[in-house]
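S.K.: One-letter residues, chain by chain:
Number of protein chains: 2
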Amino acid sequence: MDITTYVDNIQKTVDTTLDGYLQPKADIPKILIEAMRYSVFAADKRFRSILSIASCQTIGGKIEEILPVACAVELINTSFFIFDDLPSIENNDYRKGKLSNHKVFGEDIAIAAGNCLLAYAFELVINDYDKENFKSKIALRLLQEISKATGITGMVSGQVVEMTSRDKEMDKYVLQYIHNHRTSALIVASVKAGAIVAEATVNELETLIDYAKNIAFAVQMIEDYLDADGDKNKLSKAAEGDIQMRKKTYYSVYGREKASKMAHEKIFLAKSYLNSLKTPDLLFQLADFIITYRIE
Amino acid sequence: MDITTYVDNIQKTVDTTLDGYLQPKADIPKILIEAMRYSVFAADKRFRSILSIASCQTIGGKIEEILPVACAVELINTSFFIFDDLPSIENNDYRKGKLSNHKVFGEDIAIAAGNCLLAYAFELVINDYDKENFKSKIALRLLQEISKATGITGMVSGQVVEMTSRDKEMDKYVLQYIHNHRTSALIVASVKAGAIVAEATVNELETLIDYAKNIAFAVQMIEDYLDADGDKNKLSKAAEGDIQMRKKTYYSVYGREKASKMAHEKIFLAKSYLNSLKTPDLLFQLADFIITYRIE
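Here the protein sequences come in this chain order: A and B. Take 1087 as the starting number for the first sequence in this note's numbering and just add one per residue. Take 1087 as the starting number for the second sequence in this note's numbering and just add one per residue.
There may be inaccurate statements among the hints.
Chain copies aren't distinguished; within one or between two, either way the pair holds.
Claimed, not checked - As a list, the in silico BS3-like pairs of lysine-lysine whose alpha-carbon atoms are at most 30 angstroms apart:
1) K1254 to K1116
2) K1111 to K1299
3) K1258 to K1111
4) K1098 to K1189
5) K1098 to K1111
6) K1116 to K1258
7) K1234 to K1098
8) K1221 to K1148
9) K1299 to K1116
10) K1254 to K1111
11) K1347 to K1299
12) K1234 to K1258
13) K1131 to K1234
14) K1223 to K1234
15) K1148 to K1234
16) K1148 to K1223
17) K1364 to K1148
18) K1221 to K1299
19) K1221 to K1234
20) K1111 to K1189
21) K1131 to K1258
22) K1357 to K1344
23) K1189 to K1254
24) K1299 to K1234
Since the hints were derived computationally from the structure, they do not count as laboratory data.
Whole structure, please, built from the sequences with the hints as guidance.
M.R.: This is the structure we're talking about:
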């Protein structure tokens, strides 16, 4: 199977699973499900869940074992987009060419939907792994990875530094902090989770973390680059927004050419770590896919 | 030990533990910790955590075993208060006589703090129970209880129905839904978690759920009653807010006298369930304490 077909198949599997998790139910407010679905199914390449699943499969695990975590990661990612777009944060009217959540459902519902996606991400992992035949200890480790990446030591802290650094001078270290927390943490956690569920050795886990950190860097730079260059109907509104809000991006700090070069270097570096794995092929191809197809 | 001393001691233990969880750290934005601490340590009687701990002790468990969950529940509760107070939701400038979180830290930081408290609640339970000597299966059950009470089947849904029913006619069933989801779910989960950690029998668990549901009803009615009667410097701003926003409360639907009578009846009923327990004394006294001292 070529990598494009693989990616297509995984995207479909993840979307179908997410669709199952987000079905309307009699005792849940209809608008809450609608608001969650609206942002979860806005154009997204499922980059984080693909990496998580590919990592699991590379170590010999099955897709069913990691699928709930992969979906949880997508819900968490969506939750942060909803919050980021709010008027008091980045004030984006559009995200990936669609009206942002609060523009469609109102700020109160958007906040509830963001909140709910975060809580539901944990809930579905907890529920899906609470089975007799699954090792509870592994389930707790998976939860630990995604919770560390999300909260006080992860995405929220990255978001807060982003908020508080907007009107200050550009600073590489601040940019690095924001990237590590806001973007990289969840990508690394996704890859780690895939490895943990497949019971990777310590060496395999270390290899995959190195791979993930470099991939995350490349993804962030590509996203910044696309955002800055982007047509707001096709991509996000961040291009315009970033300049207005003086948001720190790799693009704004390093410039387009250097950011693009760095992304290619990081992808090269990510691949170089894979040599120690028995079956590195999938992750190798995925790295090339990212730089070529500009996923996410 | 009399019940007032017991409650005092538990409040102090919970506050000390929360203080430990919320210490500043070099790599976490200072303002994020400050914003979380501000609302977590705003006047609160720690009602939910006291019930959780008392439930655990009644079944023969130790306070250390339930303390992380008890603290997590307080963080979740605080998170919802921060969100509720936001301009786009209830627009409260004050909460329990203090400026609301967004009035002090700004809306963006308040949203991040609310978000972070929710994620951190899960994280600290996951971390604290990820120990060799603790049963992972029990940890997952605890997480299941608090996640169910928080998200799509719990508090968020209650919050959304509250948002969407504001400008509609009063309706007992809507009020009941809001109460069950927004308030009762977390109180019942707190009590259940205490019982689960102490490895309660099925009968004990059922008894405690019945107790908790009635206690939750009473607490909600007392809160509504206090809010509606309240001096906004001493209590919450909800008194004024509720009328402006036409928020559904037991007070507004049933009136003061009937709401108070119902609260007393529920406390009576809660106590009646306790007879089947070996050592019902603590929970019995706690029920009386609530109605007398109007804990929240």
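S.K.: Hint by hint, work out which the structure violates, then give me just those numbers in ascending order.
M.R.: Checked against the structure, no hint fails, so every one of them is satisfied.
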